[in-house]
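Chemist: Numbering (the UniProt record's numbering), first residue to last: 1 to 491.
None of these hints come from the bench; they were simulated from the model. We put the CB at the ideal spot given by N, CA and C, even for glycine. Among the hints, erroneous ones may be present.
[Unchecked claim] List time: in silico DMTMM-like cross-link candidates among lysine to aspartate or glutamate, alpha-carbon distance up to 20 angstroms:
no., residue 1, residue 2
1, K316, D350
2, K354, D381
3, K231, E243
4, K278, D313
5, K231, E113
6, K203, E95
[As the list claims (entries may be wrong)] Label-pair restraints from in silico Cβ distances:
no., residue 1, residue 2, range
7, S192, P255, 16 to 22 angstroms
8, V73, N343, 47 to 53 angstroms
9, H238, A173, 35 to 41 angstroms
10, V236, G97, 42 to 48 angstroms
11, K278, G246, 22 to 28 angstroms
12, R440, T232, 24 to 30 angstroms
13, P90, A433, 56 to 62 angstroms
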Amino acid sequence: MSSVHSQRRSTNGYSRPFMRANAANRRHRPHSSGFVLFGLHTAGVIGRGPKRLWPYVLPWVFAILTIGFLCLVVRGVLTRQLLVPPVASPQTLSERGYTSNFLAERIMSAMKEIGQDAESIPHDTMTGNDAQPDIQIPGQEMSYASTVRFLKGVLKRNDVAVHVGITKTNNSADSYAAHVQIEGGPFNARESMVTFEGRDLEKFVRDIAVMAMRLAEPNILASHLFTQVQKTKCSVAHCDYREIVGIYDEVLALPASEQAEWALAGKAWLLNSQRRSKEAEQQIREALTQHKHSAVLRASLGIALEQQNRIDDALKELRAGANEKSRTAENLRLLGDVLLHANRDREALDAFSKAADLKPDSVDTLHDWAEALVKTGHDDDAIDKLSHAVALRPDLAPSFVEWGRALEHKGALPEAARKYAQALQLDASTLSAHERELARSAGASPDADDTQTSRPDLRVEPVSNPMMTPYPLRASLDTVRDAGGQAMQAA
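Throw the hints in and build the complete structure from the sequences for me.
Modeler: Written as C-alpha cells, this is what we have:
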C-alpha cells in the first residue's frame with residue numbers, strides 16, 4: 001500500500017486454484033453460470049417466436065449452451081476444492097443441535113473467517129464458499145456436479161477433504177476429542193487430535209478449524225496469526241513470530257510440497273516486517289535458485305530491495321514477477337505502489353488499471369489506484385474507486401481518509417470533514433493532525449448512507465454435499481508502507 005497508514009486492508013476476491021489460473025479464468029469465472037442461464041432464456045424467447053426460424057437458430061443456441069456447459073465442467077475439474085464432509089459426532093452433540101451437517105458447516109465457516117483475516121503475508125488463499133451450480137442436463141442422473149465428480153475420479157484430481165471425527169472422552173463431563181485428517185492435495189494424510197473440555201462448543205469448533213487449517217492450509221494460518229500479532233500493536237522488537245516461523249518450517253520440511261515457495265516468501269515477509277531486508281534479500285535469492293519463475297518470491301524480493309532504497313532494482317524484480325505466468329493482481333498492485341513512490345505516476349496508474357482488470361473487487365487495488373488518482377488530480381475518479389472500496393470494506397479507515405483528501409482537493413470541506421470523522425471513529429492514527437482537527441472542529445458525523453453499509457456476510461452454506469463448497473486458492477501479496485514511504489506489511 002503506498003499510503004503512510006498502518007491499518008491492514010484485507011480482501012476476499014480473489015482466486016487461484018492449485019493449478020494456477022490465468023487472467024482470463026479469473027475475469028470470467030463469476031459470469032460463466034450466468035452465461036448458461038442467459039442462453040436458456042434466449043432459447044425460451046426463440047421458442048415463442050416464429051416457428052420458421054427454429055431450424056436455423058436453435059442449433060446455434062444448443063451449440064452455445066453445450067460449449068458453456070463444457071467450459072463449466074473443465075473449470076470444475078481443474079479446480080481442486082477443499083471440503084468438510086459431515087462430521088462423525090456423538091449423540092450428546094446432536095442433542096444440543098450440533099448435528100453432523102451443522103458441525104461441517106460451522107467448521108468450514110470458521111475456516112473461511114480465518115482465511116478472510118489472513119491477508120498480511122503472501123499465501124495461497126481461499127475464495128468465498130458460494131455453492132457450485134448443479135445444472136441438470138438431459139439424460140439419467142446427469143448433471144454438472146455428477147459429471148465433474150466422475151471426471152475428477154477418472155483423472156485422479158479428487159478434492160481435498162477435511163475428515164473430522166468427534167468422540168466423547170468422559171461420560172460424566174463435557175469432554176471431547178476430535179480427530180482431524182486430510183485426504184488429498186499436497187498435505188494428504190496429515191492428521192492430528194484436538195481435545196476439549198467445557199460447554200462452549202463454538203470454541204471447540206474454532207479449535208478444530210484452526211487445526212484443519214494448520215494441516216490443510218498452513219500458509220494461510222500463518223498469515224492469519226501474523227495479522228493477530230500485528231493487531232496487538234507490538235513494537236518490532238517485541239512481536240513474537242515463533243509460532244508462525246514454526247508453521248513455515250513444517251511446510252518446508254515436507255517432501256516436495258507444492259506450497260514451499262509460499263512458505264519461503266512468508267518467512268522473507270516476516271524479515272521485511274522486522275526491517276531485516278538484507279536477510280530477506282539473501283533468503284529470497286537462495287529460494288529463487290529452486291523456484292526460478294515464482295511471482296510471489298519476486299514480489300517479496302522487490303519489497304526487500306525497496307526497503308533498502310534500491311528503487312531501480314526493486315522495480316526490475318517487481319516487473320519480472322508481474323510478467324511471470326503465476327502472477328496475480330497483487331504483483332501488479334505492488335509494482336504500481338513502488339512506481340508511485342518513485343513519482344512515475346503514469347506507469348503506476350497503468351499498473352493499477354491492469355491489476356483491477358485481473359481482480360476488480362480488490363480493496364487494496366481500489367485504494368492504491370485512488371491514491372494515485374488523487375495525486376495526479378483525478379479526484380472524481382478517485383472518489384469513484386474509494387466509494388467502491390468502502391462498500392466492500394466499511395471498516396477501512398485509510399480509504400475514508402483518502403476520500404476526504406479527494407473531497408478537500410475539490411474544495412468540499414464539509415464533506416471532507418465527514419469522511420475524516422468516519423476515519424477518526426475507526427482508527428485515529430490514520431489521520432494527520434490537520435485532518436483530525438478538521439474532523440473535530442466541524443463536528444462532523446458519518447453520512448447515513450455510509451453508516452448503513454453492511455459488512456461482508458461471512459455465513460456459508462452447509463457443505464454436506466461435496467460439490468457445494470468451492471475452495472480454490474489464490475495468491476495475495478498484501479503490503480502497506482511505513483511512515484517512510486516503503487512497502488511493508490500492515491500493522
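Chemist: Against this structure, judge whether each hint is valid.
Modeler: Hint check results:
Distance check on the hinted pair: K316 and D350 sit about 16 angstroms apart at the alpha-carbon level, within 20 angstroms; holds. Of the pairs offered as hints, the one joining K354 and D381 holds, with about 16 angstroms between alpha carbons and a cut-off of 20 angstroms not exceeded. Distance check on the hinted pair: K231 and E243 sit about 16 angstroms apart at the alpha-carbon level, within 20 angstroms; holds. Among the hinted pairs, K278 with D313 is consistent with the structure: their alpha-carbon atoms are about 13 angstroms apart, no more than 20 angstroms.
Restraint check for K231 and E113: the C-alpha separation of about 16 angstroms stays at or below 20 angstroms, so the hint holds. For the proposed pair K203 and E95, the alpha carbon gap of about 18 angstroms is at most 20 angstroms, so the pair holds. A hinted range of 16 to 22 angstroms for the beta carbons of S192 and P255 is consistent with their spacing of about 19 angstroms. The hinted window of 47 to 53 angstroms between V73 and N343 holds, with their beta carbons roughly 49 angstroms apart.
Distance hint check for H238 and A173: the Cβ-Cβ separation is about 39 angstroms, which falls inside the suggested range of 35 to 41 angstroms. Our hint of 42 to 48 angstroms for V236 and G97 holds, since their Cβ atoms are close to 45 angstroms apart. Between K278 and G246 the Cβ separation comes to about 23 angstroms, which falls inside the hinted range of 22 to 28 angstroms. For the pair R440 and T232, the supplied restraint of 24 to 30 angstroms holds, since their beta-carbon distance comes to about 28 angstroms.
About 59 angstroms separates the C-beta atoms of P90 and A433, a value consistent with the hinted range of 56 to 62 angstroms.
When held up to the earlier numbered hints, the structure conflicts with none and fits them all.
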